[in-house]
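> Line by line, the protein sequences are chains A and B.
This note's numbering applies: residue 20 is where the first sequence begins, and numbers increase by one.
This note's numbering applies: residue 1249 is where the second sequence begins, and numbers increase by one.
Source of the hints: derived by calculation from the structure; they are not laboratory data.
None of these values were measured; they are calculated from a predicted model.
Where is the CB? At the ideal position from N, CA and C, for every residue including glycine.
Errors might be hidden in some of the hints.
To be verified - Footprint (simulated), chain A over chain B, 3 or more residues, beta carbon under 8 Å:
hint, segment
1, 1282–1289
2, 1307–1316
Claimed, not checked - Now the in silico label distances, taken between C-beta atoms and shown as ranges:
hint, chain 1, residue 1, chain 2, residue 2, range
3, A, Ala79, B, Asp1258, 53 to 61 Å
4, B, Pro1548, A, Leu281, 26 to 34 Å
5, B, Arg1615, A, Leu394, 41 to 49 Å
6, A, Thr350, B, Ser1360, 55 to 63 Å
7, A, Ser126, B, Glu1329, 19 to 27 Å
8, A, Glu288, B, Arg1615, 56 to 64 Å
9, A, Ala200, B, Arg1284, 37 to 45 Å
10, B, Ala1635, A, Arg356, 52 to 60 Å
11, A, Ala213, B, Arg1448, 57 to 65 Å
Single-letter residue listing:
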Amino acid sequence: MEFDEIQVSRWLDPLVLERGDIADVFVERRRRTVVLWRDGEAAEPRVSLEAGTSARLRRAGRERLAYVSGADDGALREAIRGLQASAGRAPLPLRTPSPRPESVPESTADRWVRRLPAILARHLPRHQLRWTLDEVMRRVVPSGHPAATAVRRLFSLEGTFVAASKRGDESRSFSFHAPDADSTVDELKQALTAAIAPRESPLPHGAGTTDVLFSSGTASVLFHEILSHALEADAEESPLSRLTAARVSASELEVRDDPTRLDLFGAYERDDEASKPRPVKLLDSGRLGGKLTDRAHAGAGASTGHGRRAGPADPPLPRGSNTVVSAGAATTEEMTRRLGNGLWIDEIESGTVELSSGQFRLRYPRARRVRRGRLADEVGPGLLAGEILPALAAVEPVIGREVRACRSLAWCSRGGQVVAVGGAAPDVIVRRLSVRDR
Amino acid sequence: MESDLPAMLDRMAPGAWELYRKTAETRESDVSARNRADLWRREEGWAARWWARGLRFACGSEAGRLAEAVAQASALPAAEEPAPRLPSAVAVRPESAAPIEPPPDLFERLGSLVAEKSRGEAVLASLALRRGRAIEDLSNAAGLTVRTESRRLDGVARAVGRRGSRGCEARAVFRWDTDPELDGVAARLADGATFPLAPRGLSFPRGSLLLDPAVGAALLAAVAPLFSMERIPRWVKRSDLAARGVTVVDDASADAPVDGEGTPTRRVVLVEEGAFVARLHDLRSAARAGVPPTGHGVRPSFLTPPQAGPRRLFVETARGVAALELLGRVARGAFARAVTAPLSVDLERDRYEIEFTGVAVLAGRAREPIAGARASGRISELLHRIAAVGTDRQFFPMPYPVGAPTVLVEKVSFE
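Pulled out of the complex, with its shape left as it was, chain B reads as follows (with noise of 0.2 Å):
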């Protein structure tokens, strides 16, 4: 079945299709105090897009659910569109054959460093961790043939801070690289978890704001829409989108030679110093600009149809400086450590609001603890007021890696 999947979408579709496969291995333990659940999965899935009097997709988790899938989907109304011209590359890597192993059990140690850094005041709830190999492949009519690999190790950990009555629940998603590194999940969930319960909220109306690495990335996630919209809001002037001080690039080089359509990985500078220079294209929205594509046709799963995104996107720190450097130019300002609530951004508007936690910050020095404090305005206004940005970029799974230093923002609103 597998081999006849190529010949059944050429008769489709002479020219215009694309075969995709992925097959993954994961380990997963999710541990609490009183349950554990050891999780291995060996899953498997096939999709297909295909140009014939318009754009079809269809997946399935063999090869011959997906002809059939495939079948179904050609007997569905579709709206006209023109193939794009599809890359053509062959790029085969060789598999690893390596076994998962199950992943680290590390919740005592992530436990006692969260109860050692909150003062006895947060517990840790739970830990799941996850070790996992992906290995995609990509064929299209165009002759391409791309086999990438992915390992990763990953989780999310949650812990819940207690005083009095009161109560409060912080997560964290990490994404680990190389060894785990434990002691800023924990600093993280220990803040997230016990800031809150602090006796007060923010004091004054305007401030500095001084973005924790994890808030300014949920914060870069959040306005990366803008990065691929067809349609770019009408508030965005493309000279001056933000502060001079503020790059911002994406690239996955590292992590994959080809993205999920098999255009090659490239390094693209989104942002340079304020001026919006460039957008992120597959080969859809590539054709439709009238562009070459970017390399940024993100599959998420074989579920989905590949998009327009991005895959590593970071802010420049180059000239940066460094974060304790930024906090001594905080007159009367906030430092957010954790936000409390999703970020709500609508880039339409040009709105923002952040919902955070953190410490409230005088004359360049930290002070208390600060239960909650809402930042909201202009997301235009926002960019512009980025002063300057930290030397100690981390990244955070958003879940594709976003990565942003400490950042000082000024002038900003306080609720």
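One chain only, chain A, in its complex shape (with noise of 0.2 Å):
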């Protein structure tokens, strides 16, 4: 990562012919430990080193991307040599590397491998886990605009553990997410205490229409699938690509994407262009807010800091971050009661939308159904399904006010590039919601 960032512009800028052309170098390091833990135990320790560079230059709708594996000097001036080679310039000369000592950030992995097994053993002693810290140094040098570094540590533990029930031991499934934090620890705590927590087991619920309560922070989920992906820059087919400030939901709902929530899965104090990156409104007072743009897609104005590769072999795409719905005044009991008869879900497995059509569905491993305003019997797993606009019009006008990060939202795949994302959300109500068993 430590070259000679003058050097790259010379190399940079003589591709760079039009106002509008963009070019860059993106070097990214990422070092991946993963330890599966099997009640208690560890087993098959894997340790990852991936180091990459690519050129990038982008002119007129069209992308030259070139990929080498190592981050030297070496794969600068050959990923260089592809990309001037592919915009059809004479190729830099070839040279011999010179080696540069290396700063790379310690790694937080032996604290986590210490600390894991008494935390494991004392909330769920009896589980088949997966651990894995992710450390991603990447560094961008874009022509024309300064070079910028940034570090993100991701914690994830997934997998699954035997519960308690009134019907006997049951499999639970077990997914969180959380940047690697001081308050990390806790959280993870917190989330193995709930987790655990003693319920019966589901029951099918049939097929239908329902209303539902949207808990934990899980109303995140829904609109990173139905308002982030539909308003990323180049959803050329979102049905509300032609909508521009329309009021399509309850004014008290305001819904926005930052990648400057450093607490959430889904944040960078830079984009993967350089870019600073600032919350959009997605939705603000039920209208249609802005789009997230990369600088390609940004227009007459500046990027919004939403360029993300999945890796350095991936160009950037206009991409969302963390989906943060903003707070209303209602207690949780207030919006059980408001619910009336329905489902109350507090865990999404996973989501997709598909844009032409503007259908989403939201998988769930177990919910809780709601009559008279109560919670009542245990029901799942199911498959909740709607139309992006008709949900968005059936958003109850009254939000709850307790925000709660959803940490089971963690990566979403476009296209096959994955990128982190996360999430936070008060409690939502959305009406007739498709409902079924799965």
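Reassemble the complex: the two chains are provided individually, in unrelated frames, and hints are given to aid placement.
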């Protein structure tokens, strides 16, 4: 990562011929530590140390990218040579790279490996979990803009554990993703305590239409699918693409995409084009807000800082980060009463959206039925489905007052490119969603 | 550094290590109506696996990084696991130095075909094509040294159908071992993007289900974990897994002489005339089961350790019948042309669900498109109700090649 930025600019600048051309060099080092935990015992530890360098040129809707494994001078020169050849320019002369010292931040993996056995033994003694610590350092050198470096550490613990229920032992899933910070241990312990809480075994609930209370931050998954994806600047087939500033939902609802929330999984201090990110209001008092842009799709304005890459081998795309819903004023009890009859959902496994048809789906492992404003039996696993515009119009104009991070929302794949995302939301009620068992 | 790695591994795990290196070069074009991306990638990856008081795995994008990762993984705790017996054959193939050409420019041709086959209702939205070559080197403590080379041309295309205010998207993933075959891809895209826009769904709750080869392959890939599971679900009867006419084979002999662990590739009949007769094993699962490995240690990337799984899985069609004849046998049912959501299969609970779009079939003739339907039930019943298979087998990347012909299933419940 320690290369001569002035030299890189000298190589990139001649490639930029017109206003609007974009050229940059992107370097990533990634250390991933994985340990499988089976009933307190560590198995199959895996350590991966990846590095890659790419050089990119975008001009008039045409993107060129050359990628080479490694993050040293040699890889940098080869990526530049590949880009120059692709752009029809004379490539740099070959030269033996000079080794440079590397500054790699200390890993926190050891600390976690020492702590986890005791935490797991206390909360989930019978488990099959996969723990991952992703430590990523990225450096972007754009032509004509200041270079930027970003470091992120992401903690994940997911798998299954055995919990007691009234019908005997049952296997439950667990999924917790958070940035590695001082508060992560306490938050993990809270999540484990909540996961092991005694609950009845869920039963099938049939198919039909139901009102749903999205609890424990799960509304952020819904809005990630139906707003964040639908307002990515390159989503030409989105049903929201031609509805600028239209009122589509309750005026009490405000949703933003906020990469600057460093406590959430999808945050970053600079995007993958070195732009400083800013929060974007996706829904402002029920009206559609702005789009999520990268440099290529920013139009007359500046990028909102949402140019994101899955890795150095991929070109950046405008992508969402953290979907955050603003708090309302209602208590949890008021929200449950307001729901009346329906489903109370506090866990969502995954979601998908198809922008051409506007249809979305959310999969949940379990839910509580609500009858006359009171929590009743456990149901699931099930599938919620709906269409973007009708679902937005069906959001109840009363929003919960306590915003919670959704720690199961973590990785989002689009066209095979996976980026970290996160979210936080208060309780939100959406009427008339389709529901069925799965 | 490269030459130091075997010695380093041998010091840590005498007689119980393997070292893997992959170098790949790919050229990719990703084209849509407004944008075009040309990507060139030269990738290198190293991986090591060793048994020293337990199994450990490390990988890195260079030899030096791998050495560093090995040192870090050595410091982590690992449960005790004995090393399996490692293969020891030596087979080196010459490396081809031919440069990788960019993939052909097929967007306009495929776009015209999609428009033509959909009568103008669908347009090709994007086409990503990738041409590449990979060279894999594997060595181990038992003296194995093997090099394999593979080439491929594959891609994914996306089409969008429009009728009034309604829209629908279809994706087709394909891999061409010979020349590009555009007609089939265009037909799948056109049907997948326009059938869901039909005004009606399926009007009857039960009938025959004719699976297009693409849907049949998706179903086979969804149940494939059954062939490498250590603990077979309770509903599986080994002597009677599927209908008598069903034979399923895995044979990647034409793709590579050895698997990702160096075990020679061989043909394995998994289901023979409906009976579940064999399972797929890598070195570890074979050692645990006390049987020889079958050559199915699969390494999807240098970043993951090999594990047991299919490599080229297909339905035998030697005793199949023509697809048109299968259609003629359907008194009332549906032809599933494309799936509209990922297949849902729960092998433990013996449940499946296929959401599809296609055509209603009455008295052996295709009638009208059906917007969407859902077939669901028990996997055990579905496999037993396969009445016949066709002769028109096609392979699809799932991501490993999976081959299926048209398949006729009887007495299926629809929603």
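> Tell me, which hint numbers fail for this structure?
Hint 11 contradicted; others consistent.
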